[in-house]
Amino acid sequence: MAITDNINYICLAITDNIMKGTNLGEFEELILLAVGILNGEAYGITVMDEIATHTNRKASVSTIHATLNRLEKKGFIESFKGPASPVRGGRSKRLYRINLAGEQTLRRVREQREKLWNLMPKTSFGYE
Amino acid sequence: MNEQPPKWALWFLEKTCADSFLDELEGDLLELFDRDVAEFGLPKARRKFIWNTFFSLRWYRLPGFKHLQTMTMYNHHLKVAIRHAAKYKSATTVQFLGLLLGIAAAFYIGLFLKSELAFDQMHTQSDSLYRVLRYDPTSGTRGQATSSLHGATLKEEFPFISVCRFGNDPVKIGEVKPILVEDFFWADSTFFELFTFKFIHGDPATCLDKVNSLVITRSKSLQLFNTENALGKTIKVKVYDGNQEFIMVVNGIVEDPPKNSHIQFSGLGAMANAENLYGNLLTQWGFSWLRTYIQVPDNRIAEIEAGIPTLLKKRLGDDFPAQFGMAFQPFNKVYLYSQDIAKSSFAGSIKNLTIFAAIGILILLISLMNYVNLATARAVTRTKEIGVRKVLGSQKGSIISQFMAESILFMVVSGLGAIALVSFFLPQLNSLVSLDLSLGLLTWSDWAMIVLALISLGFMVGILPALAMAKLPSLSDNNSTIQFKVTQWSLTRKLFVGVQYAVTLVLLVATLVIYNQYEYLKNFDKGFDSSQLLHLAVDDRDVQDKLNLLKEKISQIPNVLAVTATGEDLPSALNNTWDLNWNGSNLKQPIPIDIIGVDQDYFNLLAIDLKAGRNFTNDYIVDSARSVILNEKAFSLINKSDMLGQQVTIAGRARTIIGVAEDHHHTTLHAQVAPTAYFIFPSGARVSPDNLFIKLKTDNIPNLLSEVEEIWQTFSPDPLVYNFVDEAFAAAYATERKFSVLIGAFTFLAIIISIIGLFGLINFVAQLKLKEISIRRILGATQFSLLHLLGKDFLKVFLVALLIALPTAYYFANDWLTNYAYHIELNGTLLLLATFVCIGISILVIFYQLLRTTRRNPSEVLASE
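First to last, the protein sequences are chains A and B.
Those letters in the first sequence? Residues 1 to 128, by our numbering.
Those letters in the second sequence? Residues 1001 to 1865, by our numbering.
Just so you know, the hints here were simulated from the structure itself, not pulled from any lab data.
Hints are all accurate, no fakes.
Label-pair ranges, simulated between beta-carbon atoms: (1) A/G25 / B/N1226: 56 to 66 Å; (2) A/R97 / B/S1020: 11 to 21 Å; (3) B/W1011 / A/P86: 16 to 26 Å; (4) A/L100 / B/W1447: 42 to 52 Å; (5) A/G25 / B/L1426: 37 to 47 Å.
With the Cβ distance kept under 7 Å, some of the chain A side facing chain B (calculated, not the full set): (6) S62; (7) A66; (8) G89; (9) R94.
Using N, Cα and C, we set each Cβ at its ideal position, and we do this for glycine too.
Please model the entire structure based on the sequences and the hints provided.
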């Protein structure tokens, strides 16, 4: 068990990071923005509500959890334990906060978009 | 805080979520729950909570994987398994295909069994329903035709039961262009109380309780009234047999009975009408025309059965005939356990079902053994991998679990593939064997069972290869001894190959026997000439009265050689049986004899020789009903040489024997030729001719048919109903055909699986003996001696399998053949043929493998070391 598994683990952990990369999916981008907006108050339900009110997209709590988990693995957000409350059956919240890498990535994505938008010719479809 | 989510859901959540994620998940879900309670109320909130719990199942937070290292290890195992499978493509394909076909066969057979067992299950009361049978305790014969008194007496004696009787009476329904409805029944008003058929319109409880009440199916309603709701409309119903008419009221519309119900009807009329129609229906025990079903509450059937002798004594007097009895068949057994009951038009067979179940299990078994064999053989390709693992400190347990996981994965993947395969080809399979199977038959619990079965089968087949792998020594040991150990023929491997051979042999013999029997039945000399013989059914009484005229007209058509009128179709079940006795016989009971009404052209047209005496004369008056021609069988029963011209008593009247006709078959070959008496009857009796047989001599059948139809239309408004006797006999063996096709297909599958297994196994043996073979070739070995080298182990196993399989196959084949009064003799040729097919295929496979091996230059093989 011990030695082989450790070797396997190390090798695979390295390949894992290379393979997953640090790209931001479209949904991930929304969640990351929401975490940023909520500024330290972000957890499953608040993020879900934020997404629902601003984008009209219905996502289940578990989908949000999965995405938050992924974002954390990619190193864009950090989580910390919030206070326990009786409302949640005594369970404490896991709160998320955007970190430097996350914010930088968001800015980079936005810059890329704007660059592309500037290249867009004026079409008759637009209202500007 | 009184509102709580379901406890079990919380439990489920805690079991399926790792601790590190539980705070987050459970907390969030509980918070949502509170919000939902406030917004939607408790019930909906609880439902939403359950829903959320199930859809919160995520791979990454399953508790089993909470240690990331274990998770990584599983990932790694999976990866190695896939890479290994990809590296040895042909071996993997062989392993996969074998399993796929085996599981597919078993799945298909399972589907078939499921559909057969689901027969008649639509009735909510089916557990407490019984069919009343006429039962002869002296001979054990049973029949479903009962009299009205059977049901009535039962109800009087045992008031707690409900009784329903119904009798078939073809009718014509409609005013202007009446439609012939064959499956019309006069039924008791309790019909819908006992049986569950889906009502569309009307009241099931009262729809049949008044004279002239009519219930029709949805499709008949559409056909007759052009609407689904014909409730309350009146229509003319003309009884076909009795030439009587009723104006009846539609009191109910039901959904067409499902195909898998043995009770089939498209119209029901109130029993009260039949009572008016047939005067002696209510009073005679002998008027056996009805089918009787009873519903017995509280399992009191034993009480009824015990009371039957007293009941019969009370009703029929002390000296009632010993042949008279009643039996009760549980409703759920009607479909599968009624082979012996005449005129059970729907009859599955529990025997065939058992055979198929056995075949399914056997095929699955050989494909699993195949897998195990190949997987253990493949251990040799993984010696290095396992050696390295062991050197690095892997324990036996972790290696076993690795290979178990691999087997389970393999099993589940090929299982899903098999199900996909079967569902893809289901329409073709259905039309091949005229079945109506669909995946819709399976419930959720069935699917769960299938998945569970696949996983546990994966465990079972995984354990042997896993142990074999785990036993491999670590890298430091000498590699060649490992190879030697793996390639040795272990007892298990011999056993598995032997079982495969034995199963294949048994199935092969079965196929050959069934196919030969089917061909034998089809080509059997029926005792009459059935070529170019056209049959017309004349069901209309009016036309029957003018049958001679019709016969005359048709015989004038060019290319029609002759026409004859008879009371029985060919093949026919021979429904009219009378009593035969004669002066000087020492019989206690008269002999039953089948009665057929014919005319003077019958024997000539069918090329049946008269062994003695004369044919009927043209003059009706002379021979009508008084003269009789017996078949040889009947004549030999009397066993007196000078009986010709003498009188016998048939059905209580004296008749003169004027001739003896050669025996010929009326029924299919399931039964022997029975004693038969031929008469000439005037029209109007039950046994009067109602069929025409037309002997043709033409290649242009359609043309001739249109000429016949032209004449027919001047006689009757009904459509012409015709068929060819040849085809009708062939169709009567449809069950045998279906059976032989199915068994043949499964045997083919079994052979393919065995070939695949053999191929894979030989492949490995050849690879391992590559060096040996190369050295032998350099030293001048012939192909034959190499064949011997590779094949001798298989041959030994084959011989043992032969010793077990052939007697088994012989026993079962003989047992099956006794179902037929006329059957092929089992001889050595069939067994020998099966043996040769098996061994021939084995040699071919081994030889092919040998050619592949010897294509390589021996020096190359040896130089690589």
